[in-house]
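S.K.: The primary structure of each chain is shown beneath.
There are 6 protein chains.
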Amino acid sequence: MMEKGIVHYGVGESIDAYMFIKSSVKGIASNGKPFLTLYLCDKTGEIEAKLWDISDEDEKNYSPESTVKLSGEVQNYRGRSQLKIRNIRLTNENDSVNLSELIPTAPISQDIMADKITQYIFEMRNPNIQRVTRHLLKKHYQDFLTYPAATKNHHEFMSGLAYHVVSMLDLAKGIAALYPNLDKDLLFAGVILHDLGKVIELSGPISTSYTIEGNLLGHITIMVNEIGKAADELGIQGEEIMVLQHLVLSHHGKAEWGSPKPPMIREAEVLHYIDNLDAKINMLDRALERVKPGEFSERVFALENRSFYKPMFQK
Amino acid sequence: MMEKGIVHYGVGESIDAYMFIKSSVKGIASNGKPFLTLYLCDKTGEIEAKLWDISDEDEKNYSPESTVKLSGEVQNYRGRSQLKIRNIRLTNENDSVNLSELIPTAPISQDIMADKITQYIFEMRNPNIQRVTRHLLKKHYQDFLTYPAATKNHHEFMSGLAYHVVSMLDLAKGIAALYPNLDKDLLFAGVILHDLGKVIELSGPISTSYTIEGNLLGHITIMVNEIGKAADELGIQGEEIMVLQHLVLSHHGKAEWGSPKPPMIREAEVLHYIDNLDAKINMLDRALERVKPGEFSERVFALENRSFYKPMFQK
Amino acid sequence: MMEKGIVHYGVGESIDAYMFIKSSVKGIASNGKPFLTLYLCDKTGEIEAKLWDISDEDEKNYSPESTVKLSGEVQNYRGRSQLKIRNIRLTNENDSVNLSELIPTAPISQDIMADKITQYIFEMRNPNIQRVTRHLLKKHYQDFLTYPAATKNHHEFMSGLAYHVVSMLDLAKGIAALYPNLDKDLLFAGVILHDLGKVIELSGPISTSYTIEGNLLGHITIMVNEIGKAADELGIQGEEIMVLQHLVLSHHGKAEWGSPKPPMIREAEVLHYIDNLDAKINMLDRALERVKPGEFSERVFALENRSFYKPMFQK
Amino acid sequence: MMEKGIVHYGVGESIDAYMFIKSSVKGIASNGKPFLTLYLCDKTGEIEAKLWDISDEDEKNYSPESTVKLSGEVQNYRGRSQLKIRNIRLTNENDSVNLSELIPTAPISQDIMADKITQYIFEMRNPNIQRVTRHLLKKHYQDFLTYPAATKNHHEFMSGLAYHVVSMLDLAKGIAALYPNLDKDLLFAGVILHDLGKVIELSGPISTSYTIEGNLLGHITIMVNEIGKAADELGIQGEEIMVLQHLVLSHHGKAEWGSPKPPMIREAEVLHYIDNLDAKINMLDRALERVKPGEFSERVFALENRSFYKPMFQK
Amino acid sequence: MMEKGIVHYGVGESIDAYMFIKSSVKGIASNGKPFLTLYLCDKTGEIEAKLWDISDEDEKNYSPESTVKLSGEVQNYRGRSQLKIRNIRLTNENDSVNLSELIPTAPISQDIMADKITQYIFEMRNPNIQRVTRHLLKKHYQDFLTYPAATKNHHEFMSGLAYHVVSMLDLAKGIAALYPNLDKDLLFAGVILHDLGKVIELSGPISTSYTIEGNLLGHITIMVNEIGKAADELGIQGEEIMVLQHLVLSHHGKAEWGSPKPPMIREAEVLHYIDNLDAKINMLDRALERVKPGEFSERVFALENRSFYKPMFQK
Amino acid sequence: MMEKGIVHYGVGESIDAYMFIKSSVKGIASNGKPFLTLYLCDKTGEIEAKLWDISDEDEKNYSPESTVKLSGEVQNYRGRSQLKIRNIRLTNENDSVNLSELIPTAPISQDIMADKITQYIFEMRNPNIQRVTRHLLKKHYQDFLTYPAATKNHHEFMSGLAYHVVSMLDLAKGIAALYPNLDKDLLFAGVILHDLGKVIELSGPISTSYTIEGNLLGHITIMVNEIGKAADELGIQGEEIMVLQHLVLSHHGKAEWGSPKPPMIREAEVLHYIDNLDAKINMLDRALERVKPGEFSERVFALENRSFYKPMFQK
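Heads up: the sequence lines are chains A, B, C, D, E and F, in that order.
Heads up: the first sequence at position 131 corresponds to 131 in UniProt numbering, and the numbers run straight through without jumps.
Heads up: the second sequence at position 104 corresponds to 104 in UniProt numbering, and the numbers run straight through without jumps.
Heads up: the third sequence at position 110 corresponds to 110 in UniProt numbering, and the numbers run straight through without jumps.
Heads up: the fourth sequence at position 204 corresponds to 204 in UniProt numbering, and the numbers run straight through without jumps.
Heads up: the fifth sequence at position 181 corresponds to 181 in UniProt numbering, and the numbers run straight through without jumps.
Heads up: the sixth sequence at position 90 corresponds to 90 in UniProt numbering, and the numbers run straight through without jumps.
Some hints could be false.
In this list, chains with the same sequence are indistinguishable; a pair is considered to hold if it fits within one copy or across any two.
[As the list claims (entries may be wrong)] No more than 20 Å apart at the CA atoms, straight line, and that leaves these computed lysine to aspartate or glutamate pairs for EDC-like: (1) 292 <-> 73; (2) 139 <-> 57; (3) 69 <-> 95; (4) 84 <-> 233; (5) 184 <-> 285; (6) 139 <-> 73; (7) 315 <-> 56; (8) 26 <-> 13; (9) 229 <-> 213; (10) 292 <-> 213; (11) 310 <-> 16; (12) 26 <-> 48.
In case anyone wonders, no lab produced these hints; they're calculated from the structure.
Please construct the entire structure, taking both the sequences and the accompanying hints into account.
M.R.: This is the structure in structure tokens:
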């Protein structure tokens with residue numbers, strides 16, 4: 001049984017562990033024989049691996065979304081870690097491992113997150129906002145609780161979407177306490193709905209990619225449409241519908257970032273800020289979690305390619 | 001009766017004509033007396049005018065969307081023409097003038113345009129595309145035939161929206177004849193629907209401004225929603241719906257121009273080009289229509305502030 | 001005594017009030033006689049005024065930073081309100097008015113703000129950070145409590161700098177409670193010091209303009225230097241000094257916004273966000289405070305020239 | 001004899017065909033022996049190939065612009081197809097293959113294109129425009145009919161330049177029919193001359209690269225100079241010369257795209273649009289020609305790196 | 001006779017001087033009477049003036065490029081100086097004033113500049129470069145010595161073009177002495193020719209505007225063509241022609257600044273720098289010439305709208 | 001003993017020479033054995049090398065900043081030269097080689113450069129400027145004479161910083177002779193101090209990287225602070241200090257290039273130009289030094305990725 005996560009292995013160390021195959025690509029080596037490049041993960045992260053001289057059966061077995069038991073050694077290949085596999089087999093009933101142990105996932109359970117969000121909706125006082133929010137969350141409930149918030153960059157793990165929303169709700173609550181002009185109902189509804197279109201934009205909770213609809217329309221447009229449909233189904237006609245649509249539409253902040261209209265309502269502007277702040281802190285924490293005091297992190301593409309420093313006085 | 005249009009009057013000329021008040025702003029002159037700044041138009045264009053020393057009744061009478069009979073003189077004020085009004089009165093039943101003679105409007109009649117578009121829809125072979133297009137056109141039929149295509153820049157006259165669509169359809173037909181891979185049904189439907197959301201984004205056929213929904217959502221988002229609703233109402237489920245939504249969504253070409261997704265389908269790219277080409281030629285024709293051979297036009301803001309030259313050999 | 005603030009007067013209303021002269025410019029009218037254009041303010045805002053046919057004494061009396069008693073009428077001049085002065089005189093001992101009643105100022109008293117900041121410093125656990133922060137605040141104490149945070153855009157009123165810092169401290173506290181990896185000492189010190197250089201960049205608490213040093217070096221560079229000097233004077237040599245300098249240096253976020261280094265430390269990134277969020281909410285609140293539900297605000301230059309809508313359901 | 005084009009071979013398939021060597025680079029393998037990387041093409045496209053353990057004679061034989069007969073197998077190398085050569089030899093007189101069968105070329109014959117362009121020139125009514133256009137076309141006739149329109153991105157095949165011009169002429173004709181203000185003579189001459197400088201900018205019809213003059217001056221400047229010289233030689237002095245120079249100069253539309261002056265004449269603006277539209281449709285068709293309905297194309301760099309979708313209902 | 005130049009008059013001072021009318025615009029005052037706005041200059045600068053209640057004769061007399069004798073008073077109008085004219089008359093034979101005394105001109109005489117440039121050409125050792133340069137200078141000799149280098153921003157005075165070239169030649173000589181790899185012949189020829197196209201782009205030495213050819217082609221393209229023609233006429237065929245054309249073509253440095261090719265030859269890059277440096281120092285000197293130590297200049301649009309400070313220790 | 005520098009070896013040539021190890025990275029080959037990738041240099045340039053099948057002792061010996069004697073062969077690897085090492089050993093006392101012969105260094109000796117700069121300081125007439133400049137140069141004297149001016153792009157060799165300063169001083173002197181308004185003391189001091197912060201920003205004269213302080217604050221901020229401290233230590237209070245700080249602060253010219261304030265003083269603008277010009281000519285000379293007449297250089301990233309042509313007439 002694996003005792004430490006894959007991200008904690010250094011070059012030269014041997015590994016013997018269960019892992020999950022995220023993707024698998026066949027190639028032909030310079031000796032003319034086929035091989036597989038596997039992208040493997042466990043709860044802590046992922047690593048590229050090479051499986052040389054494969055049979056037809058190997059190719060079929062070690063396909064994406066399979067769980068395997070393997071042993072091998074971590075090597076350095078062009079500056080990145082790579083796993084050289086010695087032995088590998090598919091897991092079977094006798095292996096005491098289950099999928100949820102091998103996939104990065106939110107640090108809070110789905111139940112706790114669900115309860116928290118339910119409570120935020122419960123406390124809303126504007127009935128139109130409350131009804132639309134509850135309706136849409138219910139409609140996409142199961143996917144909302146399991147999907148990631150993105151395919152990369154931030155919250156790109158199982159249940160990342162719900163985790164992002166819960167963090168933002170707490171942040172919104174704290175900010176609303178300091179600036180009393182903010183309309184809490186609107187702000188909380190905006191937080192809950194802003195990325196909900198991702199359950200249609202993305203393919204699923206694991207090995208996530210973009211759907212055709214995701215590519216052609218995007219989660220913002222998808223959710224604006226969904227809000228319109230929800231209002232029709234619920235027979236709601238107040239201005240709240242258009243305003244909620246505006247909050248979702250504008251939450252990327254600028255046209256060049258995907259919002260055809262910039263925030264033009266107080267809560268829309270704040271929603272954009274909260275979304276950014278939570279995403280950035282999530283990326284910062286991840287970039288710095290394996291950095292020692294007095295050192296710089298790797299560059300983070302989604303943070304303008306910056307590298308971050310951990311001060312020596314922050315033990 | 002007016003014999004030549006307002007745009008053809010030079011500085012120093014006297015005028016005696018019927019005109020339409022587009023907007024009216026009250027001010028206080030340096031002598032402490034109130035005056036009105038009127039924006040007047042006839043079929044050929046518009047002019048700013050000053051009415052000094054007004055009474056309360058004047059203020060009430062000469063409000064926006066009134067029709068007046070006036071005489072005065074064209075003067076130069078800071079480089080622009082300005083009309084100094086000598087006499088003015090509201091029109092009454094005895095004046096043989098009607099609104100349509102005083103407002104810039106498309107050069108083709110609404111009936112002819114309606115027939116032309118109907119014919120394009122009639123020839124569509126894909127039933128899903130045809131039904132959605134017909135349904136939406138019918139739903140907004142009256143407004144579609146009277147609204148301008150914009151509040152300024154291009155086709156900003158009565159029925160400008162329909163005129164823009166008809167020009168684009170003919171252009172699309174010509175291009176499709178040269179590039180046989182293009183899907184005519186999709187392209188024609190895209191042309192008809194691409195700006196239809198303007199009937200909700202804009203306030204009306206004359207003295208046009210943006211509605212609240214226009215400001216907060218914009219005509220692109222509005223029409224994408226409308227296509228979704230139309231499909232629901234008609235019980236259509238094919239991929240055509242998503243593709244039509246993509247065409248409308250992407251027709252501005254780039255995120256910074258208001259399309260959160262760039263064209264990702266052949267016909268979407270061509271639609272974007274046709275829209276631009278027709279709009280630019282419309283602006284060019286207007287900029288050059290009063291320019292003499294061997295001279296430059298005024299600068300046109302929406303054409304990157306360029307000034308255009310009419311060659312001397314083009315009589 | 002004035003009963004309502006200057007911003008609440010509409011065109012056509014008469015006014016009889018004490019006001020403060022922010023600036024004064026002499027001109028020559030078209031009749032060849034000199035006049036003064038005065039920029040007047042009270043606690044609620046400001047207005048431009050014209051004083052015609054002035055004497056030499058008038059010109060001397062009604063110079064900037066004088067307090068006057070005047071009566072007149074609000075007029076519309078090219079779309080903006082302008083005050084036409086009927087009577088005006090300098091205030092004297094018999095007028096029961098004092099400066100602080102005529103100048104926009106922070107909604108919390110200087111004493112309360114001072115106590116609050118002292119408490120935040122008191123709770124710091126890192127002695128180097130605490131000592132430098134306390135030293136610099138003490139050095140510029142009086143100016144810090146009275147200066148605005150800017151000459152325009154946000155917190156541009158008396159004590160605006162301290163008010164901005166206090167709001168940001170509360171915001172920082174709320175955020176630090178949600179993201180436990182944040183180093184509170186560093187974040188709070190960053191908040192307190194980030195704009196402290198403005199007491200050298202700007203000319204004073206009222207009629208504020210830029211000093212020569214403010215123009216040539218800017219508040220960021222000024223404060224980075226000050227931190228270095230403070231460390232020398234206090235004999236502190238830890239890495240905290242360089243890190244605090246980095247927080248101040250990077251708090252505008254990007255080179256093109258005036259920070260030659262982008263945030264490269266977790267707390268620096270968060271500081272940049274908190275600064276922005278508080279400034280934006282301050283601007284939003286001001287833009288919306290006189291807007292009725294269902295209407296749009298004026299455009300706000302510092303918020304990318306956007307106009308903001310107040311929903312009808314937000315009474 | 002080859003039965004299907006190189007682009008239709010999948011990974012793992014064997015090939016036995018005539019091919020043309022576009023370029024050839026020598027390298028040293030990890031075993032210390034020299035090898036050649038060959039870029040091979042046939043009429044349908046190109047592929048990279050490796051020839052291992054080469055002799056000095058091999059190196060000499062398999063140089064650029066040779067024709068070879070080879071057999072081998074298509075493999076996957078880092079996500080791209082690569083040909084592993086088993087046997088290779090130069091072609092000789094007994095091989096019934098000629099160059100034109102191995103090189104991508106325009107889908108219309110040079111004769112037909114030449115006739116079509118001649119007809120367009122014949123119909124011009126402005127003698128100055130007609131004479132300059134005919135003179136320059138005649139001067140560069142042979143190269144015009146064989147050169148590509150570019151080294152990559154669009155129309156980068158033999159006779160691509162003439163093919164691009166013919167497509168644009170038909171497009172120009174269609175557009176001119178719809179917008180009668182357009183000066184057909186000027187527009188058609190602009191189309192014919194706009195890229196003619198490429199016969200000097202580029203090195204030749206195959207294995208095309210940039211000449212020194214092409215790099216230092218560019219085809220736009222080259223052709224503007226050529227028009228001036230032609231006018232001198234023909235003794236023409238009308239404004240048409242300057243206007244034609246402007247059309248060529250401005251046809252890239254913006255300074256940052258290589259036109260030091262933007263279009264400032266109606267036909268110049270339309271020329272820019274027609275050029276773009278034909279180039280984009282050419283790229284789109286090529287990107288989509290091997291894409292199945294329901295799938296996305298590869299990303300196209302010259303189309304802002306977009307990937308294009310082929311709808312499922314477009315069989 | 002005027003004793004001090006117009007730029008040295010302050011608000012409130014009376015003036016009695018000869019001046020030159022650069023341009024003249026008729027307007028109608030609020031009392032309905034016509035007036036002229038004159039832009040007047042003397043050797044030191046220019047001022048706007050108003051002439052009220054004009055007769056038809058006045059309008060005819062005080063047209064552009066007339067010389068007048070006038071008296072009046074300098075006033076402040078919206079922050080700028082404006083001359084209120086009391087008396088004005090056209091100059092006649094009895095007035096001991098001539099044009100050259102009233103127009104800003106280069107500080108060195110045309111003869112001295114001509115000699116200096118001749119000497120630089122004389123010292124060239126590459127015969128091709130020398131012959132082309134001499135030929136083109138001779139062809140445009142008179143205009144070259146009298147034209148300004150621009151209509152505004154820098155060297156926009158009579159003989160400004162030659163003065164700019166002479167300054168740049170000296171600068172080029174100094175730089176070439178420090179970096180011996182530079183080809184002096186090429187660099188000096190580039191300096192002499194780089195802006196010579198302005199004699200065709202601009203309308204003349206005074207009241208300068210753009211010609212049609214200047215607008216449609218620009219001085220860069222014009223001079224590149226001229227170099228080509230000169231080579232033809234002189235029967236020169238060396239690579240020097242293309243290289244000189246490249247220097248002229250690329251001297252604005254970047255596509256977005258009007259050079260379709262960036263500098264790709266050592267001397268082209270240096271030429272671009274010398275051109276910029278001389279232009280910027282010229283603008284800086286002009287901006288600072290009336291600024292007192294310890295003060296800031298007005299903002300200079302062509303220097304990115306910066307304002308410049310004159311240190312107090314620079315007496 | 002090596003007879004020609006490393007940059008002059010072509011593919012296929014054997015080499016037998018002393019070289020210096022700039023950096024060293026361990027890898028695992030496909031046969032599972034460890035190898036070293038060494039970056040080697042001599043006075044003329046650098047090359048990548050592979051040392052296969054290494055022992056633990058090899059790994060220890062061939063670490064960065066060691067000097068070695070080696071023989072091997074130059075090969076082509078993916079288009080770049082690579083050295084295949086046959087024999088390698090550390091140098092010992094018997095080898096008649098010393099470090100300075102193996103490291104790229106300035107073409108003028110440190111002594112001559114030091115004398116030259118001393119003379120420039122000696123001639124300054126403003127005592128405040130002279131004292132601060134002398135003080136700071138003395139404080140960092142040894143590092144100033146040995147550090148490079150950058151880690152890459154320009155003057156990235158030993159003593160490159162001093163060499164860059166000396167070249168700029170001569171350039172400044174030449175320019176100041178032509179434009180007499182320039183304050184020589186200020187300009188020369190600006191040249192000497194502008195990059196002096198690099199002795200703290202960078203790690204040392206060889207194998208140079210960025211220090212933590214260099215990353216977090218940058219050489220501009222570092223030197224602005226140093227000037228402030230120097231003034232304190234010397235008891236100088238004149239405006240010269242702030243002005244010198246401004247020159248250093250603004251010498252990158254624009255915010256996006258790292259200067260939070262643009263040049264706002266005449267000498268600051270000129271300093272920025274001189275810095276750029278010397279850096280660009282240095283890069284140009286290096287790019288062209290191995291290019292034959294009639295050929296283009298490799299692309300130079302720091303010169304906007306341009307490639308430069310050496311004309312055929314420049315032998």
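S.K.: All the hints need checking, so say for each whether the structure fits it.
M.R.: Status of each hint after checking the structure:
Taking the shortest Cα distances, residue 292 and residue 73 never come within 20 Å of each other, neither inside one copy (24 Å) nor across copies (41 Å). In this homomeric assembly, residue 139 and residue 57 never come within 20 Å of each other (Cα to Cα): the closest approach is 41 Å inside a single copy and 59 Å across copies. Taking the shortest Cα distances, residue 69 and residue 95 sit within 20 Å of each other inside one copy (9 Å), while across copies they are farther apart (55 Å). In this assembly of identical chains, residue 84 and residue 233 lie within 20 Å of each other by CA distance neither inside one copy nor across copies; the values are 56 Å within and 57 Å between.
Taking identical chains as interchangeable, the C-alpha atoms of residue 184 and residue 285 lie at most 20 Å apart only when they sit on different chains, with a minimum of 15 Å there against 28 Å within one chain. When the C-alpha separation of residue 139 and residue 73 is checked against a cutoff of 20 Å, the pair qualifies neither within a copy, at 46 Å, nor between copies, at 51 Å. For the homomeric pair residue 315 and residue 56, neither the shortest alpha-carbon distance inside one copy (51 Å) nor that between copies (34 Å) is at most 20 Å. With identical chains, the CA atoms of residue 26 and residue 13 are at most 20 Å apart between copies only, with a shortest distance of 15 Å across copies and 26 Å within one.
In this homomeric assembly, residue 229 and residue 213 come within 20 Å of each other (Cα to Cα) both inside a single copy, at 17 Å, and across copies, at 17 Å. With identical chains, the CA atoms of residue 292 and residue 213 are at most 20 Å apart between copies only, with a shortest distance of 17 Å across copies and 43 Å within one. In this assembly of identical chains, the alpha carbons of residue 310 and residue 16 never lie at most 20 Å apart, being 32 Å within a copy and 45 Å across copies at closest. Taking the closest pair of Cα atoms, residue 26 and residue 48 come within 20 Å of each other both inside a single copy (13 Å) and across two copies (19 Å).
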